[in-house]
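Engineer: The chain contents come next:
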Amino acid sequence: MNKYMKGMVAAGAFALSQGAVAGCGEITMAEMNWASAELMANVDKIILEEGYGCEVELVPGATMTTFASMNEKGQPDVAGELWTNAVAEPLGVALGEGRLAISNDGPITQLGEGWFVPGYVQENHPELKTAMDILEHPELFPHPEDSSKGAFYGCPAGWGCQLANANLFRAFDMEAKGWLLVDPGSAAGLDGSIAKAVERGENWFGYYWSPTSMVGKYNLQLLDFGVPWGGSANWDGCIVKAEQDCADPQPSSWTESVVNTVVTSDFTANTDAMGYLSARVFPGPVMNGMLVYMADNQAGGEDAAIEFLLQHEDVWSAWVSADAAAKIKQSL
Amino acid sequence: MDFFGDFPEMGRQDLRELKKGIDLAFREFSRANGDSIEAFFEPLMFFMVGLEKLLIATPWPVMIMIFAALAWLGARSIWVVLGTVVSFLLIGWLGMWEDTMATVAIISVATIVCIGVGIPLGIFMSRSDRLQTAITPILDIMQTIPSFVYLIPIIMLLGIGKVPGLLAVCIYALPPIVRLTNLGIRLVDKEVLEAADAFGASARQKLFDVQIPLALPNIFAGVNQTIMMALAMVVIASMIGVKGLGVPVLRAISNQYLALGLMNGLAIVALAIIFDRVSQAYGQRLQKHRQGGHGV
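Chains as they are written, first to last, in this note's numbering: chain A, 1 to 332; chain B, 1001 to 1296.
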């Protein structure tokens, strides 16, 4: 009997380990087109490939396109750093219907989006404590093409936050206060406008988010909005929607940012990878440090991932089994 | 053996230092000269802002009549005029009027700038083989280098907006007019030039009264190509904050708004076809006197 049981257990364990290898197999992961997500995707790739024997293919994409593809087509399997505010409602539906699942509800700590100014703006103008104070002074932030107006740099066309910024622009009645909403057109445009302004010591006011190298490098300060949170009915039901679906936006602070690692439901069967993904949490300061490293050295996601694995073993070794950690360490 | 197996590449550290050095040098340059370069382009910016405001502020029936009149002057074809009017009515009806006017404004200014720079450059090129050898590879670079590569330095120097957008458009749209001006002048028959010499024409008279008039059809093909390529850059220009039809296209790309992308894309196509037919017909009419034979 005992012997029989042992045999069963051994066979079972063999089948399980076989199953795990076969189950891991090929994974497609979204590599979102911003630095922290590139780093995260490449760290995931190295750890899953070296530590767990998976085959990982990275798929470039943006928030909206990746989410739509995962929701409709079930590909890619994993979105490592999905800023879910932009897709709150369809994500809720997809979670409810079991098409998608959340494997990690906070892959990076201390993050957030909102309205920023470079640090020296508040040093030179201490009276500008909140975003509301700044809205009264468009003359300090002249628009390059019409200096009688203030320039507020919103989100590039097509980003989820573009709608929220446009609706808040209306909610705060910024047009009447003398502001123009600038569409920077692309990530390069938004970053370039900040870099150019800070290099020349000019004032800049607009939307950005943390963790990013831009925030660290140019000492951007997240502004307190100066108005309370306007309730989720206002935010989810109006502010994040297209202008025609949001007739009467109300003033509000920016919503608390939620970043998730989202996976497709088929993928949840992949226990090894799921276990790793749920344990993988980057501390905010470490992530910021890596992002500045990437910017300073013009490192791509892959280079930065290797650098991260070399420099921060204490961080990542807690995410994986000792066995996997040894394999990963050996591969570096 | 190692030497043949691995490419003897520059050390990682050195390469990084090189890249950083180039970046730093450019940053210093833009810090030192950015303001004055911006000031240099300021008149151009006022012109563009003014033109865009004028086009948007002008009542739409007036604008359509102006476009129709221009189409008639260029093409002398009732079909082209009709097509122009219908296209613009459709564009307005589908809610793309302001974006279209913004696009027309930047395309017009870009074309004027390209003609102003390109034709003289082409003329100089046609007069000196050495200059032609020097400029041709530069034109090749301008046409093939991925636009995002030069967008980065342009943004660092000039920020985002109309002027950097115009520069990006012109870098791509300038080469055809330079090439075709050069080619047109070089293709003028030797015999004609000999005849001009025989009549004792000065170099200046030869250029302005013989070579350029005979090269006009080619030059016009260049103008036509420049306009087409400028329109092709509308979406790229929108990525650095230029208003116009490119913005909704970008929004459509990121959000899979099929209809929005299609409508705005087709509006760009409509503009392109109108500009193309009108400028081509104009170029062909310029050529007519040459083919006429009897009268001339």
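In short, the hints are calculated from the structure, not lab data.
Keep in mind that this is a model prediction, so the values were computed, not measured.
C-beta: ideal position from N, C-alpha, C; glycine also.
Don't take each hint at face value.
[To be verified] Quick list of the computed label-pair ranges, beta carbon to beta carbon:
| id | chain 1 | residue 1 | chain 2 | residue 2 | range |
| --- | --- | --- | --- | --- | --- |
| 1 | B | I1273 | A | D248 | 33 to 43 Å |
| 2 | A | R200 | B | D1189 | 49 to 59 Å |
| 3 | A | G119 | B | L1018 | 44 to 54 Å |
| 4 | A | S265 | B | A1068 | 24 to 34 Å |
| 5 | A | Q221 | B | A1281 | 55 to 65 Å |
| 6 | B | K1019 | A | L140 | 34 to 44 Å |
| 7 | B | L1044 | A | S148 | 48 to 58 Å |
| 8 | B | L1070 | A | G226 | 44 to 54 Å |
| 9 | A | H312 | B | G1050 | 38 to 48 Å |
| 10 | B | G1011 | A | S148 | 29 to 39 Å |
| 11 | A | G226 | B | L1090 | 44 to 54 Å |
Engineer: Determine for every hint whether it applies to the structure shown.
Structural biologist: Comparing the hints with the structure gives:
1. B:I1273 with A:D248: 33 to 43 Å: holds, 42 Å
2. A:R200 with B:D1189: 49 to 59 Å: At 55 Å between Cβs, range holds.
3. A:G119 with B:L1018: 44 to 54 Å: violated, 31 Å
4. A:S265 with B:A1068: 24 to 34 Å: Violated, at about 58 Å.
5. A:Q221 with B:A1281: 55 to 65 Å: Given a distance of about 58 Å, which is inside 55 to 65 Å, the answer is holds.
6. B:K1019 with A:L140: 34 to 44 Å: This hint holds: roughly 35 Å between Cβ atoms.
7. B:L1044 with A:S148: 48 to 58 Å: Between B:L1044 and A:S148, where Cβ atoms are some 19 Å apart, the hint is violated.
8. B:L1070 with A:G226: 44 to 54 Å: holds, 51 Å
9. A:H312 with B:G1050: 38 to 48 Å: violated, 55 Å
10. B:G1011 with A:S148: 29 to 39 Å: Check failed, 53 Å falls outside 29 to 39 Å.
11. A:G226 with B:L1090: 44 to 54 Å: holds, 46 Å
Consistency with the previously given hints fails for numbers 3, 4, 7, 9 and 10, ordered from lowest to highest.
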